[in-house]
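Engineer: What follows is each chain in one-letter form.
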Amino acid sequence: MTECPSVLPFGNLAAEFHPQVGGKCASLGVMIQAGLPVPPGFAITTHAFAEAGEASGLMPRISELLAQTDITDSAALEAAAAQAREMVTSWKLLDEHQNLLDQNYAELCELVGIPDVPVAVRSSATSEDSPDASFAGEHDTYLWVCGIDNVRQKVRECWASLFTERAIVYRAEMGYPHDEVDMAVAVQKMVKPRSAGVAFTLDPTNGDRSGICIDAAWGFGEGVVSGDVTPDNFLVDKVMWSINRRTISPKTHAHLLVASDNGAHPTVGRVELPAEQVHAPSLTDEEIVAVARLARTAEKHYGSPQDIEWAVDEDLPPGENVVLLQARPETVWSKKHHAVSGKKDPMASIVDTLVNPLSARKGAATG
Amino acid sequence: MADRFPSPFEIEAPDGADGWQELYSYSAVFSRERRDYEDGGFWFHDGVHWPEALTPWDAGVFEVAIASLGQYNTRHYLVPPAYGVDFRILNGYAYLSPVPAPEGDIESRVPHFMERAGYYFANWDRLYDDWLVKVRALVQQMSELDFSPLPEMEDMDVITSGAGRGSGDRLLSTYHRLLDHVVTLWQHHFEFLNLGYAAYLDFFGFCKAAFPSIPDLAIAKMVAGVDVDLFKPDDHLKSLARLAVSSSIDDRFDGGSPDEVWAKLGTDEAGRAWIAEWDKAAEPWFNFSTGSGFYHSDKIWIQNLEVPLGYITDYIVKVKEGVDLNRPVEKLHAERDRVASEYRELLDSDDDRETFDGKLGLSRTVFPYVENHNFYVEHWAHSVIWRKMRELGDVLKDAGFIAETDDVFMFRRSELVEVLFDLYAGWAVGAPSRGPALWPQQIERRHAIHNTLKGWSAPPALGVPPEVVTEPFTVMLWGITSDSVSAWLNTGSDSDDGSLSGFAASPGLVEGPARVIFSADQISEIEDGEILVAPLTAPSWAPVFGKIKATVTDVGGMMSHAAIVCREYGLPAVTGTAFGTKNITTGQLIRVDGNTGTVTILEG
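As given, the protein sequences belong to chains A and B, one line each in that order. Per our numbering, the very first residue in the first sequence carries number 1; after that it's consecutive. Per our numbering, the very first residue in the second sequence carries number 1; after that it's consecutive.
Careful, some of the hints might be misleading.
[To be verified] DSSO-like, lysine-lysine: derived pairs with alpha carbons at most 27 Å apart:
#1 B/Lys134 with B/Lys320
#2 B/Lys264 with B/Lys299
#3 B/Lys208 with A/Lys300
#4 B/Lys238 with B/Lys299
#5 B/Lys299 with B/Lys454
#6 B/Lys318 with B/Lys549
#7 B/Lys238 with B/Lys549
#8 A/Lys343 with B/Lys208
#9 A/Lys344 with B/Lys208
#10 B/Lys331 with A/Lys300
[As the list claims (entries may be wrong)] Residues on chain B that point at chain A, a partial pick, calculated with CB under 10 Å:
#11 Val79
#12 Tyr83
#13 Pro284
#14 Phe356
[What the hints assert, rightly or not] Covered by chain B, per the in silico footprint, the following chain A stretches (three or more residues, Cβ under 8 Å):
#15 230-239
#16 244-253
#17 296-302
I should point out that these hints are in silico values taken from the structure, not numbers from a laboratory. These figures come from a predicted structure and were not determined experimentally. Ideal Cβ placement from N, Cα and C applies to all residues, glycine included.
With these hints in hand, go ahead and build the complete structure from the sequences.
Structural biologist: Listed below in structure tokens is the structure:
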């Protein structure tokens, strides 16, 4: 078995490394290897976390602290959790791991041609996304992290997020010991989305499996996901690749990067859009089809209808700028069996077609 | 928005066309005796097949064709909900009205339809093979009709053989035979067509139920043939162009007259070999009309050699530039199979896949007829009919009945029976016929009326539209839907933002300058990179599709010629816009969106 480096690009993630990189990184690696255009980045393994923890010698103290805390006492829990996190935040990566981290970040900056490239630093817990433990969203994600110092800091903060109150309670309830936790971290190029949104690999209005339904709006996808922006909607045929439906909505505002007053890194804010953007389509026809193809590739890869998040990255050249941010199985229509009603006997079916032509039974298929 | 179209009785004759009814059969014009029926009906102009004002004799073919369509629905197969399509001529233009079967009869027609149509579907390939034999034999019989002039005296062998009948008898009966052959031809034409469309509609309906958003053209693509007889004339032109280049005689096609080109070719072995190849292809494949085939005035390649020679000259240029002229048959086959297998894969169950396979299989069985009959009937057989009629025209011209050969088409089909008798009687008696004193002036007047009618703009529909257009063949053949009817009702009254809507017949989006073409005679005006805007397109226009960027037509649905060919060539097409040639002018910059079926005038 090949030895797993403690920091490695998503593209180098062999299947045997998955236990050391957590659910999120493993999934990014699988997607890249399936030809899906996810934003580039790298994983920091649980090994780096474990050695840093061991070197700090603080783990027994954290364990003891939590053992003494009554987790039903919210004030006590809050104080203990904060203390545990402070201790973890003080951990240091071993030199060899830190060198690898620095090198991978530098290579990422070089790859996209942006110094101090903004990245998302995401927790990738080993139990996260496993079938019997839904840890998704339990741990922290930091967006728009720029420069190696900040990356190092946010990696430690991700580790520390193992000790949020929610995570502590969750583990207690599930019977997981606090000193056996693991944490890998994903560092991924921050997408600078001109437009973003979601896509289903079926038409959610009627379950039509031949359609890919895209919701799109300007800027970050948060507005689309939360329902805070009325997105443009497109329906693309996944066999013909034609755009069969096209609804351009008035997009009065968007979630965009805004400069901070205090000279810190920009943050995402809700911004009113200029008139010319309100009624303009947020995707070109080429981009619509590119998003659809991306969704279809994900569907084929996972073998079931998918619900994806995507973005058009301003930093990347046209043709390569549509990226996949997340893919999960579509659950509403996929579980329904909808056989096509209709007579199997060919002559009976033809009579039916002639006597009740399609034009007279509009909507019948969508019931 | 208006809720009905004008009554046929409100439509006036254009100035100078009074008395136009005289040009057509008494039963084919709107008449006050059945005003209630005609006023209450919905009549649409059939611009797919008869876009222009009809001459009297051509109108007779129209009547025969549409009556034959109805006969198969009504009397042969008993298509449960649909009788035939009624037909009228108004100011020279063809109008049609689908006739539903009475509600109470539909159920009792079902078992008959199952038995009769079922027999055809079950024995399709054998019957279609028989059909090809029948129709070839019929064309052969038509070709052999003898319209030679009446002789000064009968040949001696008429005496010695004791024939007991002469050339006058022959002339009269030959015309009757020609009329009979026209009827038979159209009987053959509809032997399969409605059933073919019924099978296709059934597959279409299944696909729409399984995939509500599936584009119509995806369904057409799964079914359409690639090796279709209709493409053969164009394929032969390409082969002849390649042969000209490979045998280094391409410099002889330099735009001279066909006679000059033939003279140059005749000078050596290579040229004569080329002519031999030409002759092989010409019968029957160059019996190909530049129009829909329904007008005697449509140019037929074999009689207008400058048309196919012009195409060959264009192709020679491309061959020398190294352009691959072959239709990518393998790629088209592969694409057709990919599309079918991917939709099939997306179905929900094996049961559905089995049904899909059955319906797709039947549609593919019937489609060769649906695509190919057009060549055999509208192009080949009609070419022979017009040619024979011209032979008859020459006889009448020689006898002084008419001034020009083509004046023969200014007679109604039944009227010619009387005209020929007049000619015969004068010849038989040895005294002057009335015709030469009567007809030349009458024909001149009819020409004037017909010319006036040609400049008239026929409204897309008349009468009261049905609440929903459900008649399956009307939707399929003419692309008439509730949406197109309401679009017609809307136009003129309010919006004219320069956009038109029609069928999204072939996908893609392009912008470019428009070239509005009303007839095949204008084809040579089309320049590279233009967007063709025409009432409709015809199979013999194939070579222009290599030049243009997109097509917009006034009439036709998903299965119209323009739709099929544009899908083949990968060009966007919007068909059935109703007003394309009226609203767009040559040179305007337009945008054709074949994905949504819209055409926008951008500037100009």
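Engineer: Would you mind marking each hint as holding or not holding in the structure?
Structural biologist: Now for the hints, and whether the structure bears them out:
Restraint check for B/Lys134 and B/Lys320: not satisfied, since their Cα atoms lie roughly 42 Å apart, outside the 27 Å limit. For the hint pairing B/Lys264 with B/Lys299, the CA-to-CA distance comes to about 25 Å; that is within 27 Å, so the pair holds. For the hint pairing B/Lys208 with A/Lys300, the CA-to-CA distance comes to about 23 Å; that is within 27 Å, so the pair holds. Between B/Lys238 and B/Lys299 the CA atoms are separated by roughly 20 Å; this keeps the pair inside 27 Å, and the hint holds.
With a C-alpha separation of about 18 Å, the suggested pairing of B/Lys299 with B/Lys454 holds against the 27 Å cut-off. The hinted pair formed by B/Lys318 and B/Lys549 meets the criterion: a straight-line CA distance of about 17 Å does not exceed 27 Å. The hinted pair formed by B/Lys238 and B/Lys549 meets the criterion: a straight-line CA distance of about 21 Å does not exceed 27 Å. For the given pair, A/Lys343 sits about 14 Å from B/Lys208 by alpha-carbon distance, which is consistent with the 27 Å threshold.
Between A/Lys344 and B/Lys208, the direct Cα distance comes to roughly 16 Å. Compliance with the 27 Å bound is thereby established for this hinted pair. This hinted pair checks out: B/Lys331 and A/Lys300 have alpha carbons roughly 23 Å apart, not beyond 27 Å. Below 10 Å, beta-carbon pairs count as interface contacts, and B/Val79 has one with chain A at about 6 Å; its hint therefore holds. At about 12 Å, the closest approach between the beta carbon of B/Tyr83 and any beta carbon in chain A exceeds 10 Å, and the interface hint on this residue is violated.
Restraint check, B/Pro284 versus chain A: the minimum CB separation of about 33 Å is more than 10 Å; hint violated. Below 10 Å, beta-carbon pairs count as interface contacts, and B/Phe356 has one with chain A at about 8 Å; its hint therefore holds. Chain B is given as covering the region 230-239 of chain A, and this holds because 4 residues of the stretch bring a CB closer than 8 Å to a CB of that chain, at least three being needed. For the region 244-253 of chain A, the assignment as covered by chain B holds, since 3 residues bring a beta-carbon within under 8 Å of that chain's beta-carbons and 3 suffice.
Given as covered by chain B, the region 296-302 of chain A fails the check, having 0 residues with a CB less than 8 Å from a CB of that chain where 3 are the minimum.
Checked against the numbered hints given earlier, the structure breaks hints 1, 12, 13 and 17 and satisfies all the rest.
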